[in-house]
Every structure is written in C-alpha cells, then in structure tokens.
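Residue numbers (the working numbering), protein chains in the order written: chain A, 1 to 421; chain B, 1 to 126; chain C, 1 to 554.
FYI, nobody ran anything at the bench for these hints, they're computed from the structure. Treat the hints with care, as some may be off.
Stated by the list, open to error - Heads up, simulated DSS-like pairs for lysine-lysine below, C-alpha to C-alpha not over 25 Å straight-line:
id, chain 1, residue 1, chain 2, residue 2
1, C, K245, A, K205
2, C, K247, C, K165
3, C, K245, C, K165
4, C, K540, A, K205
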Amino acid sequence: MPHDQAPMDLAGATSAELADRAAGLNAAYRNHSAFAVMSRALDDPSVGQVALVSSFGAESVVLLHMLSVMDRRRPVLFLETGMLFAETLDYQRDVADRLGLTDLRVIRPDQGAVAALDLDGTLNARDTDACCALRKVRPLEAALASFDAWITGRKRFQSGTRAALEFFEPDGSRLKINPLACWTPDDVRDYMDNNRLPRHPLVAKGFPSIGCAPCTTAVRPGEDPRAGRWRGKAKEECGIHFVNGRMVRGPAPKTDGTTTEKTVAKDLVTEEDAALAGGPADAAAATHLIARDDGFSAEDWHGPFDALADLGGAPSVAVDVPPDADPATLAARLDEARIIRVDFPSFSDGRGFTIARRLREMGYTGRLRARGVIADQYAMARRSGFDEVEVAADLAARQPEDQWLARARWRAHDYQARLRG
Amino acid sequence: MSRRSFAPKVVTANHLLDGDVVYLSATGEWVRDLARAELIEDEAHAQIRLLDAERQKNVVVGPYLADMAPTGDGPVPTHFREAFRASGPSNRPEHRRAPPAPATPDPIVAPRDTVRQQDRQTEGAL
Amino acid sequence: MYQYDDFDRAFLDERNRQFRHQVERRVDGSLTEDEFRPLRLMNGVYLQLHAYMLRVAIPYGTLRSDQMRALADLAERWDRGYGHFTTRQNIQYNWPRLSDIPDMLDHLATVGLHAIQTSGNTIRNVTADHFAGAAADEIADPRPVAELLRQWSTDHPEFQFLPRKFKIAITGSPNDRAVTRSHDIGLRMIERDGEAGYEVLVGGGLGRTPLIGQVLRAFLPKADLLPYVEAILAAYNAAGRRDNKYKARLKITVLEGGLDAFRAAVEAEFPARRAAFTGVDQQLLADITTFFAPPAFRDADVGLLHTARAVDPVFRAWTDTNLHPHRRADHAIVTISLKAHGATPGDATAEQMRAMADLADEHGYGELRISHEQNVVLPHVPADALPALHRALKAHGLATANVGLASDIIACPGMDYCTLATARSIPVAQAIALALQEREAEVGQLKIKISGCINACGHHHVGHIGILGLDRAGVENYQITLGGDGTERAAVGERTGPGFPADRIVPAIERLIDAYLDLREGADEPFIDTYRRVGMDPFKAALYDHAEDTADAA
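Given these sequences and hints, build the entire structure.
Right under this line is the structure:
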C-alpha cells in the first residue's frame, strides 16, 4: 500500500484527541433526542464550526427541516456529482426554497479532474470506486476543509455496517455528527408526516435510497431499502480511505499513529449524499415539459408532490398516486388537492387510465396529470380524465411537440362518448 | 469435458421493413441466405457481433444468436425452429422470399399445398 | 347487415392515418420497437417467424360479399394469393411487408373492414355464433349486441393497455356454438319473466390454465350491458396481475381472488358507470338492430332438394354433413369446408374467396359467415338452390363433405408461421385428414383440435381429441387429450399420458379411432359419448400397448 505522499493538510487534531472528544460527547448526549443533539451541537464549543451535508435524498428533508427551525443561516453543503437524477435537482430547489435556507453551498467535482478521468461520463461503469472518489469524496473533502464537524443523516437501520452508529464519531481530522442515528423508518415517516414535508419524487417510483442516477435502481417491495444502491456490485459502504493522501481501496488499514488516515464514508454521499443542487440556473435544462392540447409548456406547478403512501393522515395539495393505488383511498383528499399526478410505471401498464376515470367519477375537478405515457396515448389520457401529461426531457426529444399535437383533437371520433350520450 | 465448448452461432433477426428472416454476414451485411451468414465460433466475437446487430435498431428487429453446425455448405441449424426459419413453412416453403434452405426429411410426411401464385422474388443482401 | 355510417368511416380513416404515421415514426426512430410493438399489435400487425402477419377482424364472423372480395384483393395484391381463416373469426395474411400494410388497411376501409384490436392487450374482436340470424334454435340474434360491443370497445381509452388480451363472445342460442364458457366474458342472451337480458359468464379461457367460465350475473337487464361490461373491465384493469404474463388473464384474477371478491369489485364499480349512460346506447342498439333484419326470403321448392339427393350420392353425402337447419324450413345453412383432405385447414385462395362471394350473391342473399371452426358459412340458402351451389363449389375445390367429421380439424398455424409455437400443427392436421379420409363417414361426429403450443389457439383443450405440440429436447412431440368439449356441455380434455414423436402421432390417432369403433354401442353413439361412457382406460390401452411408440420408451 503506497505511503509515498504527504498527508493531506486537513486539520490539526490527532485521531486520538478526536476519539476522546467523540466519546465524551456521546456520554453527554446519550439520552438526548435527535433534535437536542443537533441543537446543542450547533453551539457546543467543543464541536466547533459545523456544516450540514445533505444529498437532498429520500430522507434528507428531516435534517434540513430541523436546521431551518434552529438556524436557517447555517451552511448546507450539497454535493452535485453531475450524475444526479433530474428529480433530485428539482427537489433540492423546492426544499431549499420552502425551508428558506440561506447558505446553500453547491459542491461540484473539479472540472479539470473530471476532464482528465471521466470525460465521457462512463467511469461509473468501469470503476465505481474511482467514480465515487472523483465525484464525491474529493470534492467533499475540499469543501469541508474549513469546518470542524459535519452533520449527516446516517441511521443505524440503514445498513448492517451501521448498526453500532453513535451520535458523534471521529472522522479523519473532524467530527461527524449523526443526530438521527437511533431513528427507525417509522420515526422518519412520522416526522415527515407531522411536519408535512415534501417527499422526494423518486420515492414514489420505488427508490427509497437515492444516489447518483447510474448507480441507483428501484427497489422491489420487500427488498432492503438500500438494495437499489450499487445494485449488482459487491459494495455497501464506500470503503474508500485516504492514507497519506492517497486513495486506497479495501478495509481501513491499521494506523501506526504517524500517518493520518481518514475514512470518508460514501454513505455520506449516500442517503444524504445524492446532493445535487445544481443551482437553479443549470438544473432547468434537463427537466420535463408538460403536454396539453396546445402543445408543450414549461412546468408551472412549482410546489412539491407528496407520495400518497407517505402522507398518512396529513393533508396535501399535490399528491403523487402510484399505479397500484385504490382511488377510494383518495376520497377525503379530493377537495383540498389542487393537482394529482398518476404514475405509469411503463407506458404499456394502463392502470392509470382507470385510476383517472375513477377519480373523475368520484368528483375530483382539480388538475389531473399523467406521467409516463407516450404521444400515441395522449388522446386516451385526455378521454380518461387527465388534463395534461408530464413528458420527460428524453421523450420530448424523441417525440417532439408535433407528435403530441397530432393527438390533441381527442374529442373527435369518440365511440364511447357517442354511446353514453 | 471440463467445460462446455462453445456451439457455433450466427446472428439472425427479422428485417424491419419486410419482416424477412435475415442473417449477419462476415462483411456486416444482412442477407436472407443462411449459407452466406457468418459462422461465429468464438464466444466473445459472438457477443460483439450481437452488439453490432443490436445497434441497428432501425434496420432489423429482435437480433439474437442461433446455434448452428458447420458444414461444407455453410451453417446448418441444430434446432428445428431455426430450420423452419431457414427453409420456410413446411406447407408452402416456396412462399419464403429467399430461396429456401434444403429441407430436412419430414417425419410427419405431410403434403404440401400446391403453389397458386408466383413468388415475389427478392434475393441477396438488403 | 351493418353498414358503416359517417361516424364509423371518419373514425376508421383517422385511425388508418395514425397507423401510417406510426409506421413512418418507427422507421425514423421517433418510436422505439418496444413502443411500436403494442401499437402495431392493436392494429393487427404481428412479426412472425418468416414475415409480418396482418390479422383482419371479421366482426362477429359476418361478411358481405363485397367485403369477401376485398379480402381476396388483399391476398392478391399485397400477399401470396391466399388468406388463413382463424379460430377467432379473423383472417390472417402471412406475408405482407410492413410498408404495404397502411395501404392494405386503407383498402379494407373502403368496405368497412379493419384490423383494429385483433391483437394486443386489449378487448379483441367480439365473436358470436356463426349461425346467428339463421339458426332454427335461436332465441335472439346476437349480432346487433356484438356490433354495439364492437363500437363500445373500439379505441376505448381506458382499456387499450390491459394486463393481457381480453375476449368476449356472445350467443343467442341455447346450443352454444360460440364457446362462451371459454372466454373472458361470455354473454348468453336469455329471457326472464318476459324480459330480455343476459347471463354473464366470466373467467373462462384455454391456454396453459384452461378454465370454464363461471356465472357472474345470472340475469343482467338489457340496458345495463355496456356499463356492466365496463365495470368488469375496470375491475380487471386495476386488479389483474402484471408481474407474470401467464397469470395475467381475467381467469387467473378470478381464480386467485375468488369469484365473490371479483363480483364485489364489479358491483362496487357498476353504479358510477351506469350513471354515465343516458340510454342513448339503447337507441343506437335499436338502430343497429334494423340493419340485421332478415333478408327478403323467397319461397323455395324443397322437392327439388329431395330429388337431387336421391339421384346424386355425392350431393347427398355433402348435404348430410354440410347443412344445418335454418329458421325457415325451405332454407338451409350451408357450411363450406376449408378442410379439403391434405390442405391447410382454414386457408382459402383469392380465387376461392371471390367464388364464395359470387355464390353468396347468387344463392345466399349476399351474406357470408366465418366460423371459429375455420370454415365459411352461407347462412341463408334456398333449398332448391343447393344442387347448383354444390356443383359450383365442386368446381372450385370447395365441396368437401366433411363438416363435423374427423378431417374437419381445427389447427393453429403452429411453428410453420408462429413465433410462439413449440411444434408444427398444420402438417399434423394434413396427415391425419388423409389417414382418416376413407373411414371418416363411418366414424361420424368427431372434433380433432391441434395447437402448436400451450397457448392453445387450436383449442385442443376442447377437442374430443386434442393434440398439443411441444418441443421436447429439440424435437417435436405431441401430447394427446381426450374428452374435451366446447359446447354448452363444456369440458376440458384429459391427458392420456406421455406424448408421441412426430412420426408416431398419426398412427396413435388411428389407434384411438380403432378403439372407438370397437367400443361404441352403435353408429349413433359419437366418439365423445363413448368416451364419457367408458372413460379413459380403454383408449389409454389402445394408445400405449405399442409402448415403443411413445417418447418415453425411446
């Protein structure tokens, strides 16, 4: 294992000192709630300068909300790897706006390094670890240089390797704070419900754990929620360590006290990591369009959508309905909902048409949107009760506006309307 | 044998515009005549040729690798399904748009319907 | 017979324009093959083993003579001079080019024919009793209702992407010639206390899990038909499985969830659907019904028929097998066999199609039908026209006297054409017909049905003798079932045992026939009745005494 480079200059504390501080803090906060841990840590002098690192992933909104309640001027680092889902970028903007976060810092990989190592954007397919190092680990290290501690959303339940996770742990030359370490999935859901927090749009599509697009797939019902991360690869946590400034793979090497070793968990980049923000300016480029009878228009619903399954009893003005939903469960929501979006997991799965028809039969008069159908189905969608179709950017490129307008006269030649009278 | 040897293969598909059975030749043309197909005896090469075929989404539909036996007259199918694809329907083999491959002896010994119309003959590479 | 109005014509023209556009967009890359496939399928276009295949609907099996001529035009101008009539009252062309199909559809539209919803996971061509409007035993003519269902199901926006295909059949006769118990929905027109209505069956089907339909509603008032069927479809669209195409049909939804649960879902959905119909559909149905008024029957001299039968034994044999009783005593229903011994079952050349159209005009009020048994029917022929009709049919190779006999075999296209097939069907049918030709009159009524794969397009499950072709370790192998019945006495056939290789299947069928002739109590006991009386064992013994003939013994 090469040790031929100088340690990165990160901070002054030794690992022994850090370990002592973490142990002391854990003892002091042992019986505290997540809220108390986070609130106190922000101002605890033994913690120092703190940043929240957020991926704006499936559950990130919990910590962001806590922070916004405590002090919305605190720095939030968002890691835009350049490989994130368009949905994450949308979601990041929505959440930051809604919570009023004023110091959002978008962290991007070094463009020179990307040009040198991953010009065509395929490094993830060739060497997942190298891709993580390039797009997550190194940019984050650089961004954290001026902080003494950072807050993550990691939880014990998330993976077997995290079962012993504590509130505070040493991480290289700084402290890592895990306020949600003891939370269960129910705690997360309850907090989001009780505070009516917007859901990440991909959660409704089967992505309970969200990272970069190429390495994240949907999870089937009953699978471990993180099964979708690095699917097909023998990879669970990052396993990347910096030894004397060089990235090495495999388990962390034993240290002899003279080298500085730090482990940057990729999971930092995992649930909280899919960060993305792309700043409002460049995020818009890859987003979807809305097809209506007069052709394409830009998205004009700027609020978040709430996944039906996560809502519990909480009210919502914008509901995302999965294809297997029973419309009857929406009965009490139809008055307050302003927009309902029905998801077609594939254009050849026509359940959404019957969902739309039933919602109209139940008296819903608000906006009804289909997502996942193709131009050839536009008239079917309209006749079933939809007002509009959300068209992903790639589909809009392949089936441009004229192909949707060709089906815009959906009232013509309608046998069913003629028979109903 | 410690491991299964690789059965020789050809890349085959249906032509997008007319639906005909076609085979990939060594020079990259799609041909209707099985005798002109490239017989691939190396597994890695087979995968590369299949990828080549799959990229031609607007020329052919559903390319796949079909097992063949090498003979002096070119590749010969090892499964009866591929044999019918190569030789045409057993009741009217002359309807195939390309010259039918020599048919194997038919165990059912069924009659063939009489030809009632001249073929629209199309041959060679597409 | 139904004539398209301006609405129908405008719809069809627009639909054909859309399909022409879709073909262009497939070629230019706007549509991927994955996207194009369901779109072409809902317009009847398959990609088969050797070529594309176009399946044209013959709605409820009814054709006018000008429509039959248009079918001949398609065969001649864009195909190979023939067409194949299927077990679902459709016709298939085996060799069209994709680029020609839009022109073929435009030509069909000139006579009010189309290929819409003859494939795909949608409501398929509605089938009906092929003797409708003519049969002596009919209570009500199902064709107006079938036409109403055709219009309702055509391009129904909710039901174009169902979990799986969906088949509806309707009969107006107690003798079920439409196999209603083998459909997703079977409708039987009935009366209760003088009120017209329907018995609604659901969950029937063949395929790899053959199931007999069950009664969902014993009596459905006439005016509730469309909303009720719509409620069934909505319940199925929501609940049908989409994780496994072999478990996606309605029959599995009903089997797994139970009939009561499915009925509850349908009844819950029904009120809102019913409320959407104002009664206009019933006015339309009344209008449609006027189109199906019987032709102006002329009086016929039955004596001429008797004279001809007495002097011409060939004619007599044909009238014995190919005629059915008509509602008028001086008319007959004529079945034209497309099962000439040794020919491909269900195939007709363009020249034969034109001949049948001409004969329909000359002797049959211009009407034709296609039966699910792959024959053509002239539903109204005056008795005194039969000798001339028979002479003309003979001249075109269409006078085979075998309807209902052993050589009147139903067979799917099998591996000679179909991508799904696991073995061939056609050559087996051809060889059996030739082998049994000499003694089939002695054998009497016998339904042999052959499928080339488990999907059972050849209806082998309901054949008195069913044959299923399978791929067994790279060679064709044929399983036999006995005792199936597709009529109102519906039953699924039982497997005899191990299958037979291709070169042993015909002798095996011959041994079954030998056994039947030994076992029957008389010439008036047909095969199916003998089987029901004596059971499987004696037939099994006949089949497997020659143990070396089975695949397992090899």
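Worksheet item: Keeping to a limit of 25 Å between CA atoms, is the pair of C:K245 and A:K205 held or broken?
Response: It holds: about 22 Å lies between the C-alpha atoms, which stays within 25 Å.
Discussion item. Can you confirm whether the C-alpha distance between C:K247 and C:K165 stays at or below 25 Å?
Written reply: holds, 12 Å
Worksheet item: Holds or violated: are the alpha carbons of C:K540 and A:K205 at most 25 Å from each other?
Response: It is violated: about 55 Å lies between the C-alpha atoms, which goes past 25 Å.
Practice prompt. Would you mind confirming whether the straight-line C-alpha gap from C:K245 to C:K165 stays at or under 25 Å?
Written response: Distance ~10 Å between C:K245 and C:K165 Cα, so the pair holds.
In summary, the structure is inconsistent with hint 4 from the numbered list given earlier, while agreeing with all the others.
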